[in-house]
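Starting from the known structure of chain A, arrange chains B and C on it as the hints suggest.
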Amino acid sequence: MVERRATLGLLAHAVMILGMLIVAFPLYLAFVASTHTAQEIVQAPMPLLPGSHFWDNYSAALTGHGGGAGSNAPVGRMMWVSLVTALVIAFGKIAVSLLSAFALVYFRFPFRNLFFWAIFVTLMLPVEVRILPTYKVISDLGMLNSYAGLTIPLIASATATFLFRQFFLTVPEELVEAARIDGAGPMRFFWDILLPLSKTSIAALFVIQFIYGWNQYLWPLLATTSEDMYPVVVGIKRMIAGGDSGNEWNIVMATAIMAMIPPAIVVIFMQRWFVKGLVDTEK
Amino acid sequence: MASITLKDVVKRYGTGPKANPVIHGVSAEISDHEFIVIVGPSGCGKSTLLRMVAGLEEISGGTISIGGRVVNDVEPSERDIAMVFQNYALYPHMSVFDNMAYGLKIAKVPIDEIKTRVDKAAKILELGPYLQRKPRELSGGQRQRVAMGRAIVRQPQVFLFDEPLSNLDAKLRAQTRLEIQKLHAELGVTSLFVTHDQVEAMTLAQRMIVMNAGRMEQIGTPDEVYHRPATTFVASFIGSPPMNLITGQADGSRFVAAGQTLALPSAAPRAGEMILGLRPEHAELSRNGAAGWPLKVEALEMLGAERLVYGRVGETLFTVRLDATLVPPKVGDLVTLTTTPEHLHWFDAATTKRV
Amino acid sequence: MEKRVRFNSAWLPWVLLTPQVLIIAVFFFWPAAQAVLQSMQVQDSFGLSTEWAGLENFKTLFGDSAYLESFKTTAIFSILVAVLGIALSLMLAVFADRVIKGALAYRTMLIVPYAVAPAVAGVLWVFMFSPSIGVVTYGLAKFFGFEWNHLLNSTHAMSLIVAAAVWKQISYNFLFFVAGLQSIPKSLIEAAAIDGARPWRRFWSIQFPLLTPTTFFLLVINMVYAFFDTFAIIDATTSGGPGRDTVIMVYKVYQDGVKGGDIGSSAAQSVVLMLIVVALTVLQFRYVEKKVNY
Chain A
1 MVERRATLGL LAHAVMILGM LIVAFPLYLA FVASTHTAQE IVQAPMPLLP
51 GSHFWDNYSA ALTGHGGGAG SNAPVGRMMW VSLVTALVIA FGKIAVSLLS
101 AFALVYFRFP FRNLFFWAIF VTLMLPVEVR ILPTYKVISD LGMLNSYAGL
151 TIPLIASATA TFLFRQFFLT VPEELVEAAR IDGAGPMRFF WDILLPLSKT
201 SIAALFVIQF IYGWNQYLWP LLATTSEDMY PVVVGIKRMI AGGDSGNEWN
251 IVMATAIMAM IPPAIVVIFM QRWFVKGLVD TEK
Chain B
284 MASITLKDVV KRYGTGPKAN PVIHGVSAEI SDHEFIVIVG PSGCGKSTLL
334 RMVAGLEEIS GGTISIGGRV VNDVEPSERD IAMVFQNYAL YPHMSVFDNM
384 AYGLKIAKVP IDEIKTRVDK AAKILELGPY LQRKPRELSG GQRQRVAMGR
434 AIVRQPQVFL FDEPLSNLDA KLRAQTRLEI QKLHAELGVT SLFVTHDQVE
484 AMTLAQRMIV MNAGRMEQIG TPDEVYHRPA TTFVASFIGS PPMNLITGQA
534 DGSRFVAAGQ TLALPSAAPR AGEMILGLRP EHAELSRNGA AGWPLKVEAL
584 EMLGAERLVY GRVGETLFTV RLDATLVPPK VGDLVTLTTT PEHLHWFDAA
634 TTKRV
Chain C
639 MEKRVRFNSA WLPWVLLTPQ VLIIAVFFFW PAAQAVLQSM QVQDSFGLST
689 EWAGLENFKT LFGDSAYLES FKTTAIFSIL VAVLGIALSL MLAVFADRVI
739 KGALAYRTML IVPYAVAPAV AGVLWVFMFS PSIGVVTYGL AKFFGFEWNH
789 LLNSTHAMSL IVAAAVWKQI SYNFLFFVAG LQSIPKSLIE AAAIDGARPW
839 RRFWSIQFPL LTPTTFFLLV INMVYAFFDT FAIIDATTSG GPGRDTVIMV
889 YKVYQDGVKG GDIGSSAAQS VVLMLIVVAL TVLQFRYVEK KVNY
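Protein chains in written order, with this note's numbering: chain A, 1 to 283; chain B, 284 to 638; chain C, 639 to 932.
One should not assume that every hint holds.
Claimed, not checked - Derived contacts from chain A toward chain B, CB cut-off under 7 Å, selection only:
1) E174
2) L175
3) E177
4) A178
5) R180
6) I181
7) D182
8) G183
9) A184
10) I193
11) P196
To be clear, the hints were calculated from the coordinates, so they are not data collected in a lab.
Beta carbons: idealized from backbone N, C-alpha and C, even for Gly.
The shape of chain A in the complex, shown without the other chains (with noise of 0.2 Å):
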């Protein structure tokens, strides 16, 4: 910045280790307890250094044989209901959202003004305040234990459509008219031109919706009741209902690490776009 003093950079280095440090901890000690055997955490303290069980605790948690008192889903099942009900909801949104936003942006309708704001109110209630008669629409439609049921009441929120809105109004009108005169229809413009100028909103959007469907707690513990359609971080905490003996926490942790992988993945690949488009759409 403007001064050059070493020791406001010394400073800020030893600020940002801090912070690292504190952010990083709570991560690097699960990955050490997922690493020992639930014996050797129990005793306190634990050890600070990885063990040599990685392997051991790993797969007894993929497959579910962890023998804990609490419960013993396999993850890998969950892993993959997560990843599935992730993509779905981040694929679904984007895709909903474009045609929507395109709509609100590009045409005049009747009671155009009305659906826009109906959309925008979604954006104020998060499916927590509606649980229970959300709940009951699906028991209702049979959707209780299915993607569907897990996946579409989450696609009801409309924050993907007006971030698209407002990156829409940012396309010049020239591109526009000069798509008219060249004899684009309006699916034709969506398709060759509004989109191709989308994809870093898109690719923001597809991080912020995957981790958001990724991390659903409330919603998938209504809406499942069998093993097999929970979601990771439900089955996770379920795995801790046994008391700090009862648990076998290196199963805990081996699930936390790997519950974190995917969403960390997205995160970290799209980092670049991620943030320029989280940043610039949200205001």
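Showing chains B and C alone in chain A's frame:
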């Protein structure tokens, strides 16, 4: 036949009693192959008029015909026109080639034909080496040429230009102006060119339409518009420095303006309140005392090949252009301004129209 | 919306809107309306008959000390989470702004908690602070003689959920602050430096004021986050305990509705939450929209 006919064209924003008319009935006949420039200050409605011809704005009244066909309700892509935008409007994610080919692709023109046309346009505009580049890798001038290329390949009946040179720097503007002239000489497509710059208008137009506040003040060749302006607006808008205009009472060979009585080299066309116009280059200055109008010099601008003398006749500011070979007066001098009869322009003071 | 180029089609916009409209009609408006309806009804314990109760449920609610407690708990919790979260991230962002070497590494590391599910974050923190086997519990006892037990002590419990919630939110706030700082023209800061202002002063007189829109925006976002997204954290760590001391409002909705079967009360609570969130969002929208045209 690519003629354009504008008949009583009107544009209103809004409807009913609150409607805001921005174009008040413009009529003009433009023949095939003509290069017409629509020129006027910001907000005069020239772009709106162009966009109505393009089909990007709705026509509130009157008719517009292209090639003999009334196109009021015809979609832009069906009007057989092409447009060059001020901001180029290039598709940022497509290459130069794809930008130019897009319209043809939609019209389902066969690929070989597309390639032939694009290559030909690229050759004319010297865009050959850039065909695979994206717009953001090009300079402003190059982007403008791509925009023109996009218009050329469609082989339309009419070219529409919406202030295409405004975003270019001065040198590039001059260069591109010549290129557009060359293009028209080669292709001969009927063209409507909108600009606020009267130099562009004078250099490019075969005929020009001068617009002000939604009305067409004059349509004519650059010569006609310059030497026989139809209104005081046209007189002061075209020509730089602008024509000197002085309001007063005319009576035979005398003109009374702001308390001063000026002798006229010829009788005024009629008596009464008139506006007298005189172009700066049509005035001569001589030592005080000669018969003419007294001018008190207030400022001088030395421009190399010529000099501009700013002074007052009575209270009215006058500009006189002197050749650099003549000895200029000094600031504060009282000199005499003379001119010849054919250089006087007379306008009715009430209607501002030429008399 | 300003004058815009539009396409002319009578039927296409309807087709495009249908998927979204259908989904929000069935899964948003219908349940939301149901929640409002149910909040004004009372069901008997078998769920066989429902009676219209008007605002009875609400009256009962506001007379119920457990509910008012949860109100208080939620308020304390969200304010702590918002303020701590914003303060810490702001500090990190300011220092990150100065660092050039390793900036990407720091940033990547700081973003990772965003990827951690609240439920998982809860599990991690409850593991660290487990009264019997937690590493931090052990460290606190050994080095500070401090007995940590969030199962018995409500302050400990509240601290635990606040810590876990803030830990998770740091990334999000951090990203916004970094962007906000970067949007402040460097020339302003340089002018201040020339005027003799030292870094600390520059921060308070220039950067902080210019970050007000960002801060306000994040304040509202963090509060909404604290209201809702922290459900999983609480469920994983304290389950609302000890007793009811960490029951925040959304948790109570779940407890009363799903576990307790009291539909009317739960629905009424949902409606109250809806109103609070709407108020917050409207406030934010108005204020931020105004300030953003700065």
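Each hint, compared with the structure:
1. E174: Hint holds; E174 of chain A Cβ to chain B Cβ min 4 Å, cut 7 Å.
2. L175: Constraint on L175 of chain A satisfied, holds at 6 Å.
3. E177: Where the cut-off is 7 Å and the nearest Cβ of chain B is about 5 Å from E177 of chain A, the hint holds.
4. A178: Since chain B brings a Cβ to about 4 Å from A178 of chain A, closer than 7 Å, the hint holds.
5. R180: Nearest chain B Cβ about 5 Å off; hint holds.
6. I181: holds (5 Å)
7. D182: holds (4 Å)
8. G183: Check passed: Cβ of G183 of chain A comes within 3 Å of chain B, closer than 7 Å.
9. A184: At 6 Å from the nearest chain B Cβ, A184 of chain A passes the 7 Å test, so the hint holds.
10. I193: Holds, because the Cβ-Cβ distance from I193 of chain A to chain B comes to roughly 6 Å (cut-off 7 Å).
11. P196: holds (4 Å)
Checked against the numbered hints listed earlier, the structure breaks none of them; every hint is satisfied.
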